[in-house]
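Undergrad: Here is what each chain is made of, one letter per residue.
Number of protein chains: 4
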Amino acid sequence: MAGNSFGTIFRLTTFGESHGAGVGGIVDGCPAGLKLDFEAIQRELDRRRPGQSALTTPRDESDRVEFLSGIFEGVTTGSPIAFLIANKDHRSKDYDDLKNVFRPSHADFTWQSKYGHRDHRGSGRASARETVSRVAAGAIAKQLLQTLAISVHAIVSSVAEASIAVPITSFDLSQPENELRCPHPETAEQMRSLIEEARSQGDTLGGIITCIVKGAPVGLGEPVFDKLHAELGKAMLSINAVKGFEIGSGFAAAGMRGSKHNDEFAVSEGKTITKTNHSGGIQGGISNGMDIEMRIAFKPVSSIATAQNTVDISGDATTISIQGRHDPCVLPRAVPIVEAMAALVIADHYLRQRTSEL
Amino acid sequence: MAGNSFGTIFRLTTFGESHGAGVGGIVDGCPAGLKLDFEAIQRELDRRRPGQSALTTPRDESDRVEFLSGIFEGVTTGSPIAFLIANKDHRSKDYDDLKNVFRPSHADFTWQSKYGHRDHRGSGRASARETVSRVAAGAIAKQLLQTLAISVHAIVSSVAEASIAVPITSFDLSQPENELRCPHPETAEQMRSLIEEARSQGDTLGGIITCIVKGAPVGLGEPVFDKLHAELGKAMLSINAVKGFEIGSGFAAAGMRGSKHNDEFAVSEGKTITKTNHSGGIQGGISNGMDIEMRIAFKPVSSIATAQNTVDISGDATTISIQGRHDPCVLPRAVPIVEAMAALVIADHYLRQRTSEL
Amino acid sequence: MAGNSFGTIFRLTTFGESHGAGVGGIVDGCPAGLKLDFEAIQRELDRRRPGQSALTTPRDESDRVEFLSGIFEGVTTGSPIAFLIANKDHRSKDYDDLKNVFRPSHADFTWQSKYGHRDHRGSGRASARETVSRVAAGAIAKQLLQTLAISVHAIVSSVAEASIAVPITSFDLSQPENELRCPHPETAEQMRSLIEEARSQGDTLGGIITCIVKGAPVGLGEPVFDKLHAELGKAMLSINAVKGFEIGSGFAAAGMRGSKHNDEFAVSEGKTITKTNHSGGIQGGISNGMDIEMRIAFKPVSSIATAQNTVDISGDATTISIQGRHDPCVLPRAVPIVEAMAALVIADHYLRQRTSEL
Amino acid sequence: MAGNSFGTIFRLTTFGESHGAGVGGIVDGCPAGLKLDFEAIQRELDRRRPGQSALTTPRDESDRVEFLSGIFEGVTTGSPIAFLIANKDHRSKDYDDLKNVFRPSHADFTWQSKYGHRDHRGSGRASARETVSRVAAGAIAKQLLQTLAISVHAIVSSVAEASIAVPITSFDLSQPENELRCPHPETAEQMRSLIEEARSQGDTLGGIITCIVKGAPVGLGEPVFDKLHAELGKAMLSINAVKGFEIGSGFAAAGMRGSKHNDEFAVSEGKTITKTNHSGGIQGGISNGMDIEMRIAFKPVSSIATAQNTVDISGDATTISIQGRHDPCVLPRAVPIVEAMAALVIADHYLRQRTSEL
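Chains as they are written, first to last, in our numbering: chain V, 1 to 358; chain H, 359 to 716; chain U, 717 to 1074; chain W, 1075 to 1432.
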């Protein structure tokens, strides 16, 4: 059973390779009656687009999304929404010498072994180009959530050694974002220096994205296996280059006492709230009405310019130096992807929640 | 759509509450022809059993698993395998005063809000008693994996401040485990002291479990959404009290350069291997034949004896002191649960992989 | 991927063999807050029970259903509802000589070939005993539908040559049913004679069940693949011995002109209705508010007392005469099974429908 | 949960409306390594194409299928296969006066009621144009089956009163088909006359398609709910205008005795076969190696030229005469659709069967 679908009720199935005709997907299960703002969808794609700044890959894709179905007079009909983003600037030739050599920490070797027959051009389906479809579908999910006053925001909270020291809740996330998508200007500048330095060295950098969902009602999440944070975790870990996921206190919780970690309940304006939020907005796998907070760790991009030892398709040792147009650090471009995945999970669970009571 | 099933081909559906008739489940999709070792299954349940040592809750459950179907003459038939573990030592009375008060960082408030009607006795379905069913099903999965020479091992690598400093691969995991399930004797003793201290203070401790899968073939995992580590992450995050998940280098990857993080390929005994294993055995969401390594962070148990501020079902502020029989630290008992979830994921993906090529 | 689950939101997973510990299942996705009438559930099981009349198999099973979870103080909690019906009167010895011989038109040969390892006692999981679990789950679905004023009724409309000539809508289905579950007394008597004759001859009879769903709202059914009648068809065809399914006009439609077959719309008491109901209450795969009508064809039971030619497990020709306790005609006992499957489909689609509009 | 996906492992998700940009779909789960014959795929689409003969609608669609992903150098890669068939000859204006009036026995009323917001042009998603996607995906499934020497054939066995009297097995189905897709020339001529007559009268005709699957191995089908004929039944009943489904003896079984109906086993060329085939190639829901035979009943198309009483969107009585380009009888064009759905089910179950034994 292949794995190209995500979600149960609000369900996305994607397709497409880096250097084929294009990428796209089908959203099945979007309720009828949602008026779509197509410019807002395109804006999300633009936030992920390569070539948007000096810090990203120069691959030039306009990434215009075309909707093929499921929308009539600008409003969803309840029928499947298919969309297509054509590939434009693919220089397949760049990849000819990668055909028979496995790039270290890339998906070449495992895809070749699993499927036998592989589209090696630009990594084929293993390329992060696949995530365009997530952003397009996530933009629809975001608009569904907007009707419920739920919003999703992500920021770059660290790049290599440069980290924001204050919590995400200290920022006004409605403000325009900068190129780094880091709302703390000094840290953003540090990040920029580190990225430029890495690029000049033919190296790459990892980092952390922090994501917050505001306005989610109490009750989202389906115990015991489809706990809300388990589904968010899967969503994030399915993004290329992600190596870790935390909800609320995360790994820090491992070093804490229960007496410190517990979030005491209180009443505020007639609503039950918690005074602290180590739970990250989720208790027992179900949202509790507080901000849902998570952190996602990205490894450095594996495509580096320096020479590496590796093995070729015949099992012989060789070396490789990867040319081509790669990001020295994907974090800023990954922000809309993280938001999209969060929006898909929340929209799906909002619909799932509709059937929990008589 | 409720969330009590896990897996796609090897698929577990569980049921049961802490203080009802019992807990159990159905495994659908276990291939026919697997000879079961029932004592080995029971041993796994015994590893998770309450009351097994002075460090755990004194609740006394024999946790004998009874198989109801799907097995004939000791061998699986391909039909669904149902099993039941009766509840014995439930003192429902202990919970009467918790009926209308929400315990901080517990699932009381969210379950009550989501479903309206709730079995409050011993947390009902939100209780970690639910995980017995995972262990029983996971034990079957382990035996399936055994026929493929795949093994799953987990250890307690930290409890509060006590942490093993060496990698999990430095231990001989075939040796008998101690009470702490920590293979490093000095650290184990530290953990014991910390747990005894916490118990005497009516407090609780968090910690980290490290899990390793050995012998997995190249090719498991279904891009793009059902990447192997994404499914492992969901599996682990669905366990009570888990707040974080890492694969391979995990959060440490965020601070690394690509030139350091990349796992160079090499040939060893005719097999393609990687010299380092920052990938944690998974590249592009597909197993690469190396050890699959992950770390799972547990928060401290929320049931503490000291008084806490909270809110009752009518929305009024009140305080609560939780009596009853709770673990000061669940890490040792969580080891077989982590192993079970890993085994379920790997078994499922082994079967899914059977259809990837013509 | 095994096939022991049915439904998407209101989802039943069953287990159990004819001569094992028992049969049962888990209903996941039943909304919280449904007050259950346990006697009504048992009454449904009694309608299916063997030994209930002189016309059925004398196998004596009390078929008492025991609920294990998901219910608190008589009301569903939203957690999975597990139930168990123990097997009592199984004379496994009766089946010893069937171990190695394939009964004609039975599932012996195909199960043996598919799984290799088979519980042959009383057909194991291929036995119609499995349908008890459907009736138990269907009884819960019926009670969910009752809260919506939807009811499901089935009758035996033909046994061999004995057929009711008038439509099902001519009967008052709220009246108590007779032993034959045929509301037309003269036809019922004919059926009784035919069944008694068949039994005395060691033979068996087929027949047709007609089922009607009253009160279903407009809008149930999910085009394009999960059309309401497609799901009803699958539900019915999954019952042992079913060979055909019709909705509305069914096979008769094949001989009709559009001008005769079309159901003209009209307004009645402010509601849009159709003047005729060739559509059987479903148009374009979605319920239109009229009665949902279907017919289900059952073959004669394959277990007959007379000698038949067959083949044994080694591939050698042999003969067989089947002893044991079998129904000469399953139609009357199949009525509650048909109703159960219809109720499961309608309940599931009622819940699915909750997410079709914003 | 919407219903635009079909199959579990070999899984098709479709999209598209009659008068939108186009129709298409994604096949996920097709194994890697299948060499595709694109001309053969196009030939299947041509068999379904409107305007192919004087007997069909004159709507002119070239129905060229474009593949967007999942194929590299003509061979499947294991990644999702997306395809698109553009809409060309849609005269949306034709439908303007149908915007607010419900056509009798059409899906207008139910779709409007279910979703609130509806693309009324050419029935939108309720149009049989949707079935192009099934034929395209089914053509891939057919090629997968071909590698296993399994073939699928369907014929028109009746149109209104014109019926073939001999069994489908009497024909050599490898011969080229005629315009009627009825291999019995005299009956085909009768059908032609009836269709021409109906057209001249502005009326439409129903009929029956018989489908046979040859070469299926023993063991396909997943008891208890996903029995092979239950899944075939759902597949066929999901096609527009289908009202009934029979496997093997079908409704005739209802009138038979077990002693006549049972298929005795015999050995032929070392293989276990049955002497008769009332079972239609399936016993206990699992294929037994004989021909799989089924019959599918189609109602007459609901779009007729004569005036009919109906109701408009405001609930007022009115009349309607449907203009536009409609088939007087869809049976010949439905043959490739029936074959496609059968191929999808068999391909899916062939893959599902790969996991039934250790």
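Honestly, I wouldn't trust all of these hints.
[As the list claims (entries may be wrong)] In silico DSSO-like pairs for lysine-lysine, Cα to Cα no more than 27 angstroms straight-line:
{"no.": "1", "chain 1": "V", "residue 1": "K260", "chain 2": "H", "residue 2": "K457"}
{"no.": "2", "chain 1": "H", "residue 1": "K393", "chain 2": "U", "residue 2": "K815"}
{"no.": "3", "chain 1": "W", "residue 1": "K1173", "chain 2": "V", "residue 2": "K35"}
{"no.": "4", "chain 1": "H", "residue 1": "K457", "chain 2": "H", "residue 2": "K393"}
{"no.": "5", "chain 1": "V", "residue 1": "K35", "chain 2": "V", "residue 2": "K275"}
{"no.": "6", "chain 1": "U", "residue 1": "K815", "chain 2": "W", "residue 2": "K1173"}
{"no.": "7", "chain 1": "V", "residue 1": "K35", "chain 2": "V", "residue 2": "K99"}
{"no.": "8", "chain 1": "W", "residue 1": "K1334", "chain 2": "W", "residue 2": "K1349"}
{"no.": "9", "chain 1": "W", "residue 1": "K1109", "chain 2": "W", "residue 2": "K1288"}
{"no.": "10", "chain 1": "V", "residue 1": "K88", "chain 2": "W", "residue 2": "K1334"}
{"no.": "11", "chain 1": "U", "residue 1": "K987", "chain 2": "U", "residue 2": "K751"}
{"no.": "12", "chain 1": "W", "residue 1": "K1349", "chain 2": "U", "residue 2": "K815"}
{"no.": "13", "chain 1": "U", "residue 1": "K751", "chain 2": "U", "residue 2": "K815"}
{"no.": "14", "chain 1": "V", "residue 1": "K99", "chain 2": "H", "residue 2": "K633"}
{"no.": "15", "chain 1": "V", "residue 1": "K99", "chain 2": "H", "residue 2": "K618"}
{"no.": "16", "chain 1": "U", "residue 1": "K987", "chain 2": "W", "residue 2": "K1288"}
{"no.": "17", "chain 1": "V", "residue 1": "K99", "chain 2": "H", "residue 2": "K629"}
{"no.": "18", "chain 1": "W", "residue 1": "K1109", "chain 2": "W", "residue 2": "K1173"}
{"no.": "19", "chain 1": "U", "residue 1": "K976", "chain 2": "W", "residue 2": "K1345"}
{"no.": "20", "chain 1": "U", "residue 1": "K991", "chain 2": "W", "residue 2": "K1109"}
{"no.": "21", "chain 1": "V", "residue 1": "K271", "chain 2": "H", "residue 2": "K457"}
{"no.": "22", "chain 1": "H", "residue 1": "K446", "chain 2": "U", "residue 2": "K987"}
{"no.": "23", "chain 1": "H", "residue 1": "K457", "chain 2": "U", "residue 2": "K804"}
{"no.": "24", "chain 1": "V", "residue 1": "K260", "chain 2": "V", "residue 2": "K271"}
{"no.": "25", "chain 1": "H", "residue 1": "K446", "chain 2": "V", "residue 2": "K275"}
{"no.": "26", "chain 1": "W", "residue 1": "K1345", "chain 2": "W", "residue 2": "K1334"}
{"no.": "27", "chain 1": "H", "residue 1": "K572", "chain 2": "H", "residue 2": "K633"}
{"no.": "28", "chain 1": "H", "residue 1": "K572", "chain 2": "H", "residue 2": "K393"}
{"no.": "29", "chain 1": "U", "residue 1": "K815", "chain 2": "W", "residue 2": "K1162"}
{"no.": "30", "chain 1": "U", "residue 1": "K804", "chain 2": "U", "residue 2": "K815"}
{"no.": "31", "chain 1": "W", "residue 1": "K1345", "chain 2": "V", "residue 2": "K99"}
By construction, these hints were calculated from the structure, which means they are not laboratory data.
Undergrad: Now look at each hint and say whether the structure bears it out.
TA: Hint-by-hint comparison with the structure:
1. This hinted pair checks out: K260/V and K457/H have alpha carbons roughly 24 angstroms apart, not beyond 27 angstroms.
2. Simply put, K393/H and K815/U have alpha-carbon atoms about 20 angstroms apart, close enough for the 27 angstroms limit, and the pair holds.
3. Annotation: proposed proximity of K1173/W to K35/V holds, straight-line Cα distance about 20 angstroms (limit 27 angstroms).
4. In summary, the hint linking K457/H to K393/H is not supported, as the alpha carbons are separated by about 45 angstroms, beyond the 27 angstroms threshold.
5. About 37 angstroms separates the Cα atoms of K35/V and K275/V, which puts this hinted pair outside 27 angstroms; it is violated.
6. For a cut-off of 27 angstroms, the pair hint linking K815/U to K1173/W is broken: about 64 angstroms separates their Cα positions.
7. For the hint pairing K35/V with K99/V, the CA-to-CA distance comes to about 45 angstroms; that exceeds 27 angstroms, so the pair is violated.
8. Restraint check for K1334/W and K1349/W: the C-alpha separation of about 12 angstroms stays at or below 27 angstroms, so the hint holds.
9. Between K1109/W and K1288/W, the direct Cα distance comes to roughly 22 angstroms. Compliance with the 27 angstroms bound is thereby established for this hinted pair.
10. Between K88/V and K1334/W, the direct Cα distance comes to roughly 66 angstroms. Violation of the 27 angstroms bound is thereby established for this hinted pair.
11. Our distance criterion of 27 angstroms between C-alpha atoms is broken by K987/U and K751/U, whose separation comes to about 31 angstroms.
12. Restraint check for K1349/W and K815/U: satisfied, since their Cα atoms lie roughly 22 angstroms apart, inside the 27 angstroms limit.
13. Under the criterion of a C-alpha separation no larger than 27 angstroms, the hint pairing K751/U with K815/U is inconsistent with the structure, at around 45 angstroms.
14. The straight-line distance between the Cα atoms of K99/V and K633/H is roughly 22 angstroms, inside the 27 angstroms bound, and the hint therefore holds.
15. The suggested pairing of K99/V with K618/H holds, with an alpha-carbon distance near 24 angstroms, which does not exceed 27 angstroms.
16. Restraint check for K987/U and K1288/W: not satisfied, since their Cα atoms lie roughly 49 angstroms apart, outside the 27 angstroms limit.
17. Taken as a hint, the K99/V and K629/H pair is honoured in the structure, with Cα atoms around 20 angstroms apart against an allowance of 27 angstroms.
18. With a CA separation close to 45 angstroms, the supplied pair K1109/W and K1173/W exceeds the 27 angstroms bound.
19. Restraint check: the Cα-Cα separation between K976/U and K1345/W comes to about 49 angstroms, which exceeds 27 angstroms; the hinted pair is violated.
20. This hinted pair does not check out: K991/U and K1109/W have alpha carbons roughly 53 angstroms apart, beyond 27 angstroms.
21. The hinted pair formed by K271/V and K457/H meets the criterion: a straight-line CA distance of about 20 angstroms does not exceed 27 angstroms.
22. Distance restraint check for K446/H and K987/U: the Cα-Cα separation of roughly 56 angstroms exceeds the 27 angstroms cut-off, and the hinted pair is therefore not satisfied.
23. For the hint pairing K457/H with K804/U, the CA-to-CA distance comes to about 39 angstroms; that exceeds 27 angstroms, so the pair is violated.
24. Taking the CA atoms of K260/V and K271/V, the gap is about 23 angstroms. The hint holds against a cut of 27 angstroms.
25. For the suggested pair K446/H and K275/V, the alpha carbons sit about 37 angstroms apart, so the restraint of at most 27 angstroms is broken.
26. The hinted pair formed by K1345/W and K1334/W meets the criterion: a straight-line CA distance of about 23 angstroms does not exceed 27 angstroms.
27. Proximity of K572/H to K633/H is assessed by CA-CA distance (about 16 angstroms); at most 27 angstroms being required, the pair is judged to hold.
28. Under the criterion of a C-alpha separation no larger than 27 angstroms, the hint pairing K572/H with K393/H is consistent with the structure, at around 22 angstroms.
29. As the CA atoms of K815/U and K1162/W are separated by approximately 62 angstroms, the hinted pair breaks the 27 angstroms bound.
30. For the given pair, K804/U sits about 21 angstroms from K815/U by alpha-carbon distance, which is consistent with the 27 angstroms threshold.
31. At roughly 47 angstroms between alpha-carbon atoms, K1345/W and K99/V are farther apart than 27 angstroms, so this suggested pair is violated.
Hint compliance for this structure: hints 4, 5, 6, 7, 10, 11, 13, 16, 18, 19, 20, 22, 23, 25, 29, 31 are not met, and every other hint is.
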